[in-house]
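2 protein chains.
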Amino acid sequence: MPFHFAERIAHAPPSFLEELFRVSSDHSIISFAGGLPSSALIDVEGISEAGRQVMEDDGRTALQYSTTDGYLPLREYIAQRYRTRLGVPASADKIQIVNGSQQSLDLFGKIFLNRGDHVGMERPGYLGAIEAFSLYEPVIHTVPIDEQGLVPDAFERLIATHPVKFFYGIPNSQNPSGCTYSEERREQIAGILSGTDTVFYDDDAFGELFFDGKPRLPVKKYLPEQSVISGSFSKIIAPGMRIGWLYAPPEILKTFNIAKQAADLHSNFLCQMVLHRYLTTHDLDAHIRNIVSVYGRRCRLMCDLLDDLLPTLTHTTPEGGMFMMATLPAGISSRAVFDNGIQEKVAVLPGMPFYIDGGGTDTIRLNFSNADEEKIKTGMERLARVINRLIRS
Amino acid sequence: MPFHFAERIAHAPPSFLEELFRVSSDHSIISFAGGLPSSALIDVEGISEAGRQVMEDDGRTALQYSTTDGYLPLREYIAQRYRTRLGVPASADKIQIVNGSQQSLDLFGKIFLNRGDHVGMERPGYLGAIEAFSLYEPVIHTVPIDEQGLVPDAFERLIATHPVKFFYGIPNSQNPSGCTYSEERREQIAGILSGTDTVFYDDDAFGELFFDGKPRLPVKKYLPEQSVISGSFSKIIAPGMRIGWLYAPPEILKTFNIAKQAADLHSNFLCQMVLHRYLTTHDLDAHIRNIVSVYGRRCRLMCDLLDDLLPTLTHTTPEGGMFMMATLPAGISSRAVFDNGIQEKVAVLPGMPFYIDGGGTDTIRLNFSNADEEKIKTGMERLARVINRLIRS
Chain A
1 MPFHFAERIA
11 HAPPSFLEEL
21 FRVSSDHSII
31 SFAGGLPSSA
41 LIDVEGISEA
51 GRQVMEDDGR
61 TALQYSTTDG
71 YLPLREYIAQ
81 RYRTRLGVPA
91 SADKIQIVNG
101 SQQSLDLFGK
111 IFLNRGDHVG
121 MERPGYLGAI
131 EAFSLYEPVI
141 HTVPIDEQGL
151 VPDAFERLIA
161 THPVKFFYGI
171 PNSQNPSGCT
181 YSEERREQIA
191 GILSGTDTVF
201 YDDDAFGELF
211 FDGKPRLPVK
221 KYLPEQSVIS
231 GSFSKIIAPG
241 MRIGWLYAPP
251 EILKTFNIAK
261 QAADLHSNFL
271 CQMVLHRYLT
281 THDLDAHIRN
291 IVSVYGRRCR
301 LMCDLLDDLL
311 PTLTHTTPEG
321 GMFMMATLPA
331 GISSRAVFDN
341 GIQEKVAVLP
351 GMPFYIDGGG
361 TDTIRLNFSN
371 ADEEKIKTGM
381 ERLARVINRL
391 IRS
Chain B
1 MPFHFAERIA
11 HAPPSFLEEL
21 FRVSSDHSII
31 SFAGGLPSSA
41 LIDVEGISEA
51 GRQVMEDDGR
61 TALQYSTTDG
71 YLPLREYIAQ
81 RYRTRLGVPA
91 SADKIQIVNG
101 SQQSLDLFGK
111 IFLNRGDHVG
121 MERPGYLGAI
131 EAFSLYEPVI
141 HTVPIDEQGL
151 VPDAFERLIA
161 THPVKFFYGI
171 PNSQNPSGCT
181 YSEERREQIA
191 GILSGTDTVF
201 YDDDAFGELF
211 FDGKPRLPVK
221 KYLPEQSVIS
231 GSFSKIIAPG
241 MRIGWLYAPP
251 EILKTFNIAK
261 QAADLHSNFL
271 CQMVLHRYLT
281 THDLDAHIRN
291 IVSVYGRRCR
301 LMCDLLDDLL
311 PTLTHTTPEG
321 GMFMMATLPA
331 GISSRAVFDN
341 GIQEKVAVLP
351 GMPFYIDGGG
361 TDTIRLNFSN
371 ADEEKIKTGM
381 ERLARVINRL
391 IRS
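One line per chain: the protein sequences are A and B, in this order.
The first sequence begins at 1 in the working numbering and counts up by one.
The second sequence begins at 1 in the working numbering and counts up by one.
Hints are computed from structural coordinates only; laboratory data are not their basis.
Cβ atoms here follow ideal geometry from the backbone N, Cα and C, with glycine treated the same way.
Keep in mind that a hint or two might mislead.
[Claimed, not checked] Distance windows between CB atoms, simulated:
{"id": "1", "chain 1": "A", "residue 1": "K254", "chain 2": "B", "residue 2": "R81", "range": "52 to 62 Å"}
{"id": "2", "chain 1": "A", "residue 1": "L72", "chain 2": "B", "residue 2": "Q80", "range": "37 to 47 Å"}
{"id": "3", "chain 1": "A", "residue 1": "N290", "chain 2": "B", "residue 2": "L301", "range": "28 to 38 Å"}
{"id": "4", "chain 1": "B", "residue 1": "G359", "chain 2": "A", "residue 2": "T361", "range": "52 to 62 Å"}
{"id": "5", "chain 1": "B", "residue 1": "P2", "chain 2": "A", "residue 2": "A160", "range": "14 to 24 Å"}
{"id": "6", "chain 1": "B", "residue 1": "K221", "chain 2": "A", "residue 2": "T281", "range": "44 to 54 Å"}
{"id": "7", "chain 1": "B", "residue 1": "R335", "chain 2": "A", "residue 2": "S91", "range": "41 to 51 Å"}
{"id": "8", "chain 1": "A", "residue 1": "G191", "chain 2": "B", "residue 2": "P2", "range": "15 to 25 Å"}
{"id": "9", "chain 1": "B", "residue 1": "P2", "chain 2": "A", "residue 2": "K221", "range": "19 to 29 Å"}
{"id": "10", "chain 1": "B", "residue 1": "R335", "chain 2": "A", "residue 2": "P250", "range": "24 to 34 Å"}
{"id": "11", "chain 1": "B", "residue 1": "L72", "chain 2": "A", "residue 2": "E76", "range": "19 to 29 Å"}
[As the list claims (entries may be wrong)] These stretches of chain B come out as covered by chain A in the derived footprint (C-beta under 8 Å, 3 or more residues):
{"id": "12", "region": "62 to 72"}
{"id": "13", "region": "113 to 123"}
Starting from the given sequences, assemble the full structure and let the hints guide the process.
Right, dumping it as structure tokens:
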């Protein structure tokens, strides 16, 4: 029989995230296409021990229904970390637990966007956000980024000319570009938004992963009541537990909570308790230092290999995170690099899904967190063969 | 600053689920208001052991990102159980894992409902469904139920007069009424829907919890390609893991999967693996027999006490599930029973949130799964005092 789906479904962009998981399941392919943190760096033993303790001490509570806002001690831990790391006045009542950052995107879109409303994001922009927002049928505007972050003139023009409900950005190690906003740009953005009704949505999936170990001040520091920050344990502890959060003014959080309750009552309570136990019995900072030292080495290695093996390709030089972006030599399409790469057993992600206007055909996103140095070396050699062959032909 | 939320937020009914959790946190109150399964019947030791095994055997996989559809062996287990229990041709490709049944409600609404579309449900109807669907701004029609299920004439009239995208019902131990559709009514419903474009959404949270241990044939048996069934481990294993599923035709599931991916990428993978390990190393049928024998006793005790202590009150007589509904003596309002009950340390749930038309003011929902027999006895005595005092005054 014919099913009459809602019109919003026609607005869903073709899915790429799922494709990535499929590529990553062929183990003969070295994949720089996905967005996985390193499995080897997940503290399986520590999380397992935390799980044993929670089940022993309070298993019946962990396995029962709970409240929508999330496990209070976990929310207090998150708030405390914001206060000490970033000097922002976070408190538990400003934190809502969600199923990873992706759910913050969905629910934020849900509470703010009527069909036809205006929303802004970076160009290129995170495809998970494009997918989430698109289902609420907004008009999505993009503002280009350079190595310093959002281009201020273009940002100012957008805010001046359209009633943008919120602007979604990733100031720290942006996905896909790997760029980090400079401090000056953050202040400029806050200045431009100040006095307007546009909320700044700071997707901070990577702020803990700067190779120099130093936090960057969030836009929220300059715009406290007009911005939200979404965070996640996926990149620093483990993605499989699907626990993230939204840090927002209480007026926003109250509405967000209604949407969260209607969406799934509450997030997995067992894992909230296990995470909290893990965080309070382990040295998170030492764990993160270990992650960033590994990712930092992998990132530098990848940059060096690109420079050596593919001098006609340009690329960003990330300060942290998990991704960099490369622009292919003139005349080479990312689709061809993808297709030929699969045959050569190396996967990259074409840039197109990060451009809602059809751009990005000469760009690829490269993930450096999931492959070890040996694989990065072999994979980059394969990629160089693929691209050099395309240049010659 | 003023936040300009989407118009759909104005359609959100006042939240009651959260209120219930609050009442249940005051331990001096005996609560029949909530919807919790019995904590004492959760197999903490067994789940804990399954968790230990998963972490030891494959912790790194359990803690990493995974695919949107869900853990394949778990989906195969669910499909196999449908085939043997209900004789319907389920297979893993028709099963999508979600964060408890509530997420099926949200995502189903999301993929089907444009603003102003027509949707049907029972009167009284499950408030979690009202909350989820309302955010997509449909026109919600209701069809009354009696002790045999949906009233066929009213159902037929609705389907004949409105382009209902889907009809949402709970044929097994309906929430809030506790009624179970008769087999004849199921066939009638399928007959009325056959040849129309209306999908039947069967929320089967309680189908495993019949006191006689016998499954009832789903409407899907008569209407295979035009119906979906949502299920959940919350009532038979543990709600805190937030794992449920939707069983649907592949054409629906493909679109549902896009919405699921945009909503949160995938459900908690650790708990999917732990659940599967638990299910394949424990006797689920024996576990369920234990639950239903306890719930059956509690239900009969509650019915008997109501008959003895409050003969002027009428109530449903459930065949399973966790709830019954009572109609108060003439002139007594459920709001007064609720308010006076809290003072007397007994909580019931007023029926109003289950009626989108403002009805139900003389009804209360009573949960019999969460309080033990001692508490049911004391709580019913308190309730009788409250109601008899209201009758006298």
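- Query: Are at least 3 residues of the region 62 to 72 of chain B within less than 8 Å of chain A when you compare beta carbons?
  - Reply: holds (count 7)
- Cβ-Cβ distance between B:P2 and A:K221: within 19 to 29 Å? Roughly 22 Å apart at Cβ, these two residues keep to the hinted range, so it holds.
- Query: Per the hint of 37 to 47 Å, is the separation of the Cβ atoms of A:L72 and B:Q80 within bounds?
  - Reply: Given a distance of about 39 Å, which is inside 37 to 47 Å, the answer is holds.
- For the range 14 to 24 Å, tell me whether the beta carbons of B:P2 and A:A160 fit it or not. 19 Å, holds
- Hint says 52 to 62 Å; check whether the CB-CB distance for A:K254 and B:R81 agrees. 40 Å, violated
- Do B:R335 and A:P250 keep their Cβ atoms within the hinted range of 24 to 34 Å? Holds, at about 29 Å.
- Message: Against the range 41 to 51 Å, how does the distance between the Cβ atoms of B:R335 and A:S91 compare: consistent or not?
- Response: 34 Å, violated
- Query: Is the hinted range of 52 to 62 Å satisfied by the C-beta distance from B:G359 to A:T361?
  - Reply: Taking Cβ atoms as reference, B:G359 and A:T361 lie about 59 Å apart, which means the hint holds.
- Message: Within 44 to 54 Å: is that where the Cβ-Cβ distance between B:K221 and A:T281 falls?
- Response: 51 Å, holds
- Query: Measuring from beta carbon to beta carbon, are A:G191 and B:P2 in 15 to 25 Å?
  - Reply: 20 Å, holds
- Message: Just to make sure I understand the rule, a stretch counts as covered if three or more of its residues have a C-beta closer than 8 Å to a C-beta of the chain. Does the region 113 to 123 of chain B meet that for chain A?
- Response: holds (count 4)
- Is it true that A:N290 and B:L301 lie within 28 to 38 Å of each other by Cβ? 57 Å, violated
Taken one by one, the earlier hints fail for this structure at numbers 1, 3, 7, 11, listed in ascending order.
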